[in-house]
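Colleague: Dock chain B against chain A, hints included.
Listed here are the chains, written in short residue letters.
Protein chains: 2
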Amino acid sequence: MASTLKQFYSDYLACLNAQNWAALGSFVADDVVHNEHRLGLSGYRDMLMGNFADIPDLVFHAGLVAADAPYIAARLDFDCRPKGTFLGLAVNGRRVRFAENVFYEITDGKIARVWSVIDKTAIAAALR
Amino acid sequence: MASTLKQFYSDYLACLNAQNWAALGSFVADDVVHNEHRLGLSGYRDMLMGNFADIPDLVFHAGLVAADAPYIAARLDFDCRPKGTFLGLAVNGRRVRFAENVFYEITDGKIARVWSVIDKTAIAAALR
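So the protein lines, in turn, are chains A and B. Going by the numbering used here, the residue at position 1 of the first sequence is 1; the numbering climbs one at a time, nothing skipped. Going by the numbering used here, the residue at position 19 of the second sequence is 19; the numbering climbs one at a time, nothing skipped.
Since the hints were made in silico from the structure, they are not lab data. Model, not experiment: these values are computed from the prediction. A hint or two may mislead.
Straight-line distance between alpha carbons at most 25 Å, and here's what the computed BS3-like set of lysine-lysine pairs gives [as the list claims (entries may be wrong)]:
| id | chain 1 | residue 1 | chain 2 | residue 2 |
| --- | --- | --- | --- | --- |
| 1 | B | 120 | A | 83 |
| 2 | A | 110 | A | 6 |
| 3 | A | 120 | A | 83 |
| 4 | A | 120 | B | 120 |
| 5 | B | 120 | B | 83 |
| 6 | A | 120 | B | 6 |
| 7 | B | 6 | B | 110 |
| 8 | B | 83 | A | 6 |
Restraint-style ranges between C-beta atoms, simulated for each label pair [to be verified]:
| id | chain 1 | residue 1 | chain 2 | residue 2 | range |
| --- | --- | --- | --- | --- | --- |
| 9 | A | 21 | B | 54 | 43 to 49 Å |
| 10 | B | 23 | A | 83 | 46 to 52 Å |
| 11 | A | 46 | B | 4 | 39 to 45 Å |
| 12 | A | 43 | B | 25 | 36 to 42 Å |
| 13 | A | 43 | B | 54 | 35 to 41 Å |
| 14 | B | 95 | A | 49 | 19 to 25 Å |
| 15 | A | 4 | B | 43 | 38 to 44 Å |
| 16 | B | 88 | A | 18 | 34 to 40 Å |
Even glycine gets a Cβ: it sits at the ideal position worked out from N, Cα and C.
With the rest of the complex left out, here is chain A (with noise of 0.2 Å):
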């Protein structure tokens, strides 16, 4: 079951790299729920629109995963180069390297419910 989640998780991300929109229903529920905000199917794809669109050069790569069914849990680092004001810092272009500790629940195959912490801390001291 690990093994399955983990695939299912790397095609996910594999997804996000490819900002195949249209694939984005296989794996994400209609109803989805992001860190407590119901942004359904819809909004969550405008959320990563959007962060592809402020980071152009923005890859998902997990460096850590743990799947332990309903669950996955990522450890996501980063290293790009957000256009502006990103997470309210102002980033401009400059190279910043972080990570985002996730969980997701995963129900009737799709992520129905992720819960994200992204490591601002870490930006902020890139930036200094």
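Modeller: Chain B in isolation, oriented as in the chain A frame:
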């Protein structure tokens, strides 16, 4: 294996909540690394003792745990009143609720590496 890891993690949190520092070495490796800093067991204990000094009503509670050897991932939910400045924010005894998403790597039965991200943004929002 997942259930063994979860029991280990539950026992570790109980050790923290009891502030049973004499027992910490049963859970944490002598050369533990926390967010890329090699704190070692004594530095790790000092960090935790500092947390309890700064936050007298601190309780560690895992809302989510995913165990997938050699990793444990947890979402810790905090509801507490830090005394003064916490993570650079002037909390001054106000009640704050926030999460920490954290990964642990278990080696030879002990926590050898920790990758933690605290949701500082949520604390800042609560203080506004």
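Colleague: If a hint holds in the structure, say so; if it doesn't, say that too.
Modeller: Hints versus structure:
Restraint check for residue 120 of chain B and residue 83 of chain A: satisfied, since their Cα atoms lie roughly 23 Å apart, inside the 25 Å limit. Distance hint between residue 110 of chain A and residue 6 of chain A is fulfilled; the C-alpha atoms sit about 13 Å from each other, no more than 25 Å. Pair hint residue 120 of chain A plus residue 83 of chain A holds up; C-alpha atoms about 16 Å apart against a cutoff of 25 Å. For the hint linking residue 120 of chain A to residue 120 of chain B, the alpha-carbon distance of about 8 Å falls within 25 Å, and the restraint holds.
Pair hint residue 120 of chain B plus residue 83 of chain B holds up; C-alpha atoms about 16 Å apart against a cutoff of 25 Å. Taken as a hint, the residue 120 of chain A and residue 6 of chain B pair is broken in the structure, with Cα atoms around 29 Å apart against an allowance of 25 Å. With a CA separation close to 13 Å, the supplied pair residue 6 of chain B and residue 110 of chain B stays within the 25 Å bound. Between residue 83 of chain B and residue 6 of chain A, the direct Cα distance comes to roughly 41 Å. Violation of the 25 Å bound is thereby established for this hinted pair.
Taking 43 to 49 Å as the suggested C-beta distance range, the pair residue 21 of chain A and residue 54 of chain B conforms, at roughly 44 Å. Separation of residue 23 of chain B from residue 83 of chain A is about 49 Å and conforms to the stated range, judged on CB atoms against 46 to 52 Å. Checked against the hint of 39 to 45 Å, the C-beta distance between residue 46 of chain A and residue 4 of chain B comes to roughly 42 Å, which is consistent with it. Taking the beta carbon of each, residue 43 of chain A and residue 25 of chain B are about 47 Å apart, not inside 36 to 42 Å as hinted.
Remark: the range hint 35 to 41 Å for residue 43 of chain A to residue 54 of chain B is upheld by a beta-carbon distance near 37 Å. Between residue 95 of chain B and residue 49 of chain A, the C-beta spacing of about 36 Å breaks the proposed range 19 to 25 Å. Between residue 4 of chain A and residue 43 of chain B, the C-beta spacing of about 39 Å keeps the proposed range 38 to 44 Å intact. At roughly 38 Å, the beta-carbon separation of residue 88 of chain B and residue 18 of chain A lies within the given 34 to 40 Å, and the hint holds.
In this structure, the earlier hints numbered 6, 8, 12 and 14 are contradicted, and the remaining ones agree with it.
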